[in-house]
Amino acid sequence: MVTQVTSFSRNGLSDFIVQRATAYILAAYTVFLVGYLLIQGEMVYADWQMLFSHTWMQIFTMLALVSTCAHAWIGMWTIGTDYIREHYFGQSANGYRLIYQVICILTLASYLFWGVKILWGN
Amino acid sequence: MQVSVYRYDPDKDAAPYMQDFDIELPAGKDLMVLDLLALLKERDETVSYRRSCREGVCGSDGVSMNGKNGLACITPVSEVAKGGKLTIKPLPGLPVIRDLVVDMEQFYAQYRKIEPYLINNEVPPTRERLQSPAEREKLDGLYECILCACCSTACPSFWWNPDKFIGPAGLLQAYRFLADSRDTATEERLANLDDPFSVFRCRGIMNCVNVCPKGLNPTRAIGHIRNMLLKRAV
Amino acid sequence: MGELPTLEFDAIIIGGGGAGMRAALQLAESGRKTAVISKVFPTRSHTVSAQGGITCAIASDDPNDDWRWHMYDTIKGSDYIGDQDAIQYMCSVGPQAVYELDHMGLPFSRNDNGRIYQRPFGGQSKNFGKGGQAARTCAAADRTGHALLHALYQGNTKAGSVFLSEWFAVDLVKNAHGAVVGVIAMCMETGEVNYIKAQATVLATGGAGRIYQSTTNALMCTGDGAAMALRADLALQDMEMWQFHPTGIAGAGTLVTEGCRGEGGYLINKDGERFMERYAPTAKDLAGRDVVARSMILEILAGRGGGEDGDHVFLKLDHLGEEILHSRLPGIVELAKTFAHVDPVKEPIPVVPTCHYMMGGIPTNIHGQAITRNAKGEDEIVNGLYSVGEAACVSVHGANRLGGNSLLDLVVFGRSAGLHITDALNQGMDSGVASSSDIEAATQRLSRWNESTTGESVAGLKRELQSCMQLNFGVFRTEANMQAGMKTLSELRERINQAVLTDKSQAFNTARLEALELDNLLEVAEATAISAEARKESRGAHARDDFQVRDDENWLCHSLYDPVTKTLGKRDVNRAPGLLQTDKDLPEGVFEPKERVY
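Protein chains in written order, with this note's numbering: chain A, 2 to 123; chain B, 159 to 392; chain C, 172 to 769.
One chain only, chain A, in its complex shape (with noise of 0.2 Å):
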């Protein structure tokens, strides 16, 4: 039984359309992601660097970062709720699930700081 609810939100509809909504920005990211290397051909350093120069792509990217986090850290709360209970792991099942959602929180901090690094700095 999953006695620890450890949900941001607590409302089941709020996640649901965070979920779907970031779904649908990570989708049009993809898309375009793809689309603009089909069209482009052969990329090198300089078009990527282009590419990311422009301030309407870095927003886009940074909406997908957030969007990344937000949407995995949904699932992946879900999935620690279905798998890591009593049922399996006993009386520390709770314990476990914590370590988990922690490395979970940590990992994807850490794609977002790197990211914003990675767009914003120098």
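Worth flagging that the hints you see were computed from the coordinates, not collected in a lab. Glycine included, each C-beta is placed from N, C-alpha and C at the ideal position. A portion of the hints provided could be inaccurate.
[What the hints assert, rightly or not] Listing some non-contacts, in silico: residues in chain B with all C-beta distances to chain C over 10 Å:
id: 1; residue: G242
id: 2; residue: N368
id: 3; residue: H382
[Stated by the list, open to error] Pair by pair, the computed Cβ-Cβ distance ranges are:
id: 4; chain 1: C; residue 1: H512; chain 2: B; residue 2: E295; range: 39 to 49 Å
id: 5; chain 1: C; residue 1: N621; chain 2: B; residue 2: R390; range: 50 to 60 Å
id: 6; chain 1: B; residue 1: P168; chain 2: C; residue 2: Q615; range: 19 to 29 Å
id: 7; chain 1: C; residue 1: E493; chain 2: B; residue 2: D169; range: 50 to 60 Å
id: 8; chain 1: B; residue 1: E295; chain 2: C; residue 2: A230; range: 21 to 31 Å
id: 9; chain 1: C; residue 1: S608; chain 2: B; residue 2: T344; range: 53 to 63 Å
id: 10; chain 1: B; residue 1: N368; chain 2: C; residue 2: E518; range: 23 to 33 Å
id: 11; chain 1: C; residue 1: R666; chain 2: B; residue 2: E295; range: 50 to 60 Å
With chain A held as given, fit chains B and C onto it using these hints.
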């Protein structure tokens, strides 16, 4: 025909085991799985299972037959047996009391949680509350549920969180009352379903639809509830 | 058995079907400590199998409908041994009870104006039989019983009723003053036996169709309440009156609602002839159930039955069209495909009269209070004991029940018993206490099975009993057969008393349950046999070859089976309902016995 049955008597057995029976099927008759169980019970009266109406309306004899949940009384042996073999187990995901008898309290508790009764605090008229045929039609495919638990016990989300996810059967009934034009507690009902588990643990796996012996579609009902929650939020 | 654990309630209801749960609902609202003891989870009770509907003059189909017309039909249907005060009560209170069900959420089918849909059923008329066929049966498609039972369970959930689900009642506890002061019951899950003490005990245990081999009844319809009453030396009334439903699926026994004929279906023989036109020229397929069932048997006996053995006739529905079948009779389409392997949209369903309903039972008044005979031969209330529903004989069905009247019986009398018990408890009802020997007596048969070591098996004995009843106490009865049947039953009694229960385990022991049920089947079968043999006439569902006509001079009365002497007595029918004194518009002699033609 070889029938393999899940056996467990808490007073006697340290762990459950499968027991094989060789059963001669009467010729020229397509028995239901329940008839087969009755034959087994005549041979060994300790074999325990629930049954009553033997026509698929009381919902007592939900069991897992060759891995698929269904009602023993309306499932022909010929339909589920593979290569002359049939394995009968209790419904998965609920504690076993004995043999094919499971403890359904968790399932009933989820049903009770959705307030499975009409709520209308207005003073009732001296006659029936009027309801148009179109309004009544919205209850078709919902009220026919027999609470056999075949759907909920086929649902992985219910296996993972049986105490928090209402499960397909309970949600089908939740929508049955949300859809009833005579019920006035829509807001209260939706507010009770808003958490991350009750409704939103449905992943659209659709095992429920696949096994429902009454041909009902809980996934669709859950979709309707989600839409109502969305509409309520915007 | 040593000292038993005791649970104490103000009132207990044994049976979680329509009648029991309607009574429970009333009691839950009283604030008294009450509980429903049910051997299955309540929504699994046999009420769930009722299909066609609940008959009641709510004047939806016909705005001029009148409950007194319903009363007339019911009295005529009962072949004049239904108690007219009880029938008046049921038909007049009925509409209120049905509206309460709607308010509780029962999903009735609807007419265009938003009112409850009503369909024609057998034996229904307008204007005291003179205005043609009525449509008076309120329906939720062909799943009315299911819808009703679930609505009642839902209502009880809302009211906070206490359920002891999967508890089996073994026997009534009766004290030295003849009062019933609770019941011995066994928790199926643990096997624990308890004395459940109560001021009021309500038997709402339903019918006993399983005394017959072929029945529409659920496997658990074993007459537990009727048998408990018999073992408590209480008399049963009209036990010879068993309804054979015309349309059970041949072979399987599953019910096909009379609503099929109400919607326009009809019976045909192997030549495709609509034979009911010959037997009941006016009402045809919608004559009383007893009349239709007998006509079908006569057709089969005349060699006009279908199938390899010529042992059934057919119910034709295809002409109604796929749309009507799927909207009005969806459950029947399903059942026919599953159990008869025919699609009623295309082919007729093979059907045969099948045991369906016990008109007899525990005699009660309209408040559900059980009645017995005192030493002077007068009616006397049994303190502490009530009975409602099919287990009871109040009697609104007399010798033949009309379709749709059983669901009405359940809710009306479940409700009235609940009201009466609430009142009685509020006035300090005290049924007394039980001594330890009273309690011991009620555990005797359980001990008998638990201590058995050798003997015949339960399953085989049950089969023999059922086949004996089927053969000798069916639609048509003859003296020779009944005598033979009675002899077989008394031999079976000896053998059942020596039978063995090999599984002595505690947890969910269904073998023990079936053994205890076999005792009950035997009690009810014997009461049926002795009552049937002794009623020397033909009336309603009781048809004898040697006494083919109704004998109002000697038998316009209830029969009363005394389990102590195993003999049949008589009890007067109430033929003076209050209505006759107060209602000046009532046609002269309208409820007097007449020849019953449809």
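Honestly, which of those hints from before does the structure not fit? 4
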